Every structure is written in structure tokens, then in C-alpha cells.
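J.: Here's the letter readout for the chains.
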Amino acid sequence: ETGVTQSPTHLIKTRGQQVTLRCSSQSGHNTVSWYQQALGQGPQFIFQYYREEENGRGNFPPRFSGLQFPNYSSELNVNALELDDSALYLCASSLNPSAGLETQYFGPGTRLLVL
Amino acid sequence: AQSVTQLGSHVSVSEGALVLLRCNYSSSVPPYLFWYVQYPNQGLQLLLKYTTGATLVKGINGFEAEFKKSETSFHLTKPSAHMSDAAEYFCAFRGDSNYQLIWGAGTKLIIKP
Chain A
1 ETGVTQSPTH LIKTRGQQVT LRCSSQSGHN TVSWYQQALG QGPQFIFQYY
51 REEENGRGNF PPRFSGLQFP NYSSELNVNA LELDDSALYL CASSLNPSAG
101 LETQYFGPGT RLLVL
Chain B
1 AQSVTQLGSH VSVSEGALVL LRCNYSSSVP PYLFWYVQYP NQGLQLLLKY
51 TTGATLVKGI NGFEAEFKKS ETSFHLTKPS AHMSDAAEYF CAFRGDSNYQ
101 LIWGAGTKLI IKP
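First to last, the sequence lines map onto chains A and B. The first sequence begins at 1 in our numbering and counts up by one. The second sequence begins at 1 in our numbering and counts up by one.
Keep in mind that the hints were calculated from the coordinates and are not lab data. In this text the structure is predicted, and so the values were computed from the model without any measurement. Glycine residues also receive a C-beta, built at the ideal position from the N, C-alpha and C atoms. The hints are all genuine.
Cβ-Cβ distance ranges computed for the label pairs, FRET-style:
| id | chain 1 | residue 1 | chain 2 | residue 2 | range |
| --- | --- | --- | --- | --- | --- |
| 1 | B | Ile60 | A | Gly16 | 39 to 49 Å |
| 2 | A | Ser7 | B | Leu46 | 19 to 29 Å |
| 3 | B | Gly16 | A | Gly16 | 44 to 54 Å |
| 4 | B | Gln2 | A | Leu67 | 24 to 34 Å |
| 5 | A | Ser7 | B | Thr77 | 36 to 46 Å |
| 6 | B | Leu7 | A | Leu115 | 29 to 39 Å |
Model the full assembly from the supplied sequences, consistent with the hints where possible.
T.: Below you can see the structure in the form of C-alpha cells.
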């Protein structure tokens with residue numbers, strides 16, 4: 001059984017560019033959540049995907065968008081990058097959307113630096 | 001507003017000493033509460049969780065936490081610290097949303113030899 005994987009591990013972009021981050025969920029998990037963790041802070045929920053549909057969204061602007069594929073892997077896209085987007089982006093997969101009742105399994109994250 | 005407060009961004013204890021990491025929450029509904037650990041350059045790992053039932057919850061690596069509704073607290077303890085416990089610890093809860101957790105800012109645990 002493979003765990004949650006994310007790619008790339010590190011990324012450097014410049015302001016205004018676009019970025020795509022990828023996540024492969026744990027085998028058998030149909031739900032993927034994305035979080036942004038700024039330095040020295042806890043994770044902030046971006047959105048969740050369940051069976052290829054956005055299932056919930058946190059307080060992030062529309063330039064943060066996502067996709068989930070039939071194999072339940074997921075992408076996070078960020079357009080028009082800003083300096084404040086520099087953070088660790090975490091992906092978590094779970095058996096179903098109810099994060100309170102199910103354990104979320106986290107990937108190691110992608111560290112994004114925007115210059 | 002729903003929120004989580006972790007007292008102390010850094011906590012330092014000697015190896016073998018008691019570990020106590022504090023977490024208080026504010027929620028309008030009965031919360032489900034979690035503690036996660038994050039080692040350097042790694043993702044988050046679940047230590048323990050409280051949903052319903054027994055208020056004293058045991059987790060991995062000898063950690064436990066007690067849900068105290070009257071104090072709106074969910075403090076994490078371990079009787080004897082080990083050098084391998086050095087990491088950042090996050091308290092989180094699920095409030096009135098079914099799809100997201102609300103997280104504290106984290107407490108970095110430092111173990112002195």
C-alpha cells in the first residue's frame with residue numbers, strides 16, 4: 001500500500017507566474033484535501049475534492065483551483081502568483097469526505113517559493 | 001468564531017521529563033479534536049483523536065490527551081520525553097463543517113539532553 005505522494009518537492013517561481021502541484025492519494029481513498037502552511041503557522045484549508053467534484057472550499061481566492069482525476073489523484077493550480085503564496089502545500093487523502101471521522105493521511109508537501 | 005489556540009510556540013523540556021502541550025478551542029458545536037505531529041521535512045502524522053466517548057484518549061508514541069468540555073481544552077501529555085519526540089505538534093478540530101479541520105499555529109517541542 002503506497003502512501004500519499006506529492007510532486008515536486010520544491011519549486012521556485014516568480015510573481016505573476018502559474019504553478020501546478022500534484023498529489024497521488026493513498027490506495028482506496030476517494031477524497032483529497034489541500035492545505036497551505038505558511039512558515040510558522042498551522043495549515044489552512046484550501047479545498048477538498050470528492051469523486052472529481054469540489055466538495056468544500058476555504059477562504060482562498062478563485063486563482064486557487066483544483067482538479068481530481070478518475071484515479072483520485074489531484075492537482076492544485078495557482079494563477080498569478082503572489083509573494084504571500086510562498087508556503088508548504090500539503091495534500092491529504094481520506095476514505096471519505098468527513099474529515100472529522102476519518103483519519104487523513106498527509107503527503108510530505110511541496111515547498112513553493114515565490115520571488 | 002471557531003478557533004484553536006496553542007499556548008507557547010516553543011516548549012522545551014529535559015529528556016525524561018513530563019511533556020505538556022496546551023490546546024484550547026472555541027466551537028459552537030461539539031468538536032472532534034486531533035493532535036498531529038510534524039517532523040522536519042515531513043508531512044503531518046496523526047497522534048490521536050477524540051470524537052465521542054471516553055474523554056482520555058491514548059495515541060501513538062506514548063502520548064495521550066484529555067478532552068475537558070468545561071475548560072474547552074484538549075492538552076497533550078507524555079510522562080517521559082524522549083529525544084525522538086522533538087518535532088512540531090499541531091492541535092486541530094472539526095467544528096460545524098464536515099470537510100475541513102481548523103488548526104492551531106503549532107508548538108515546537110524541544111528536548112534537552
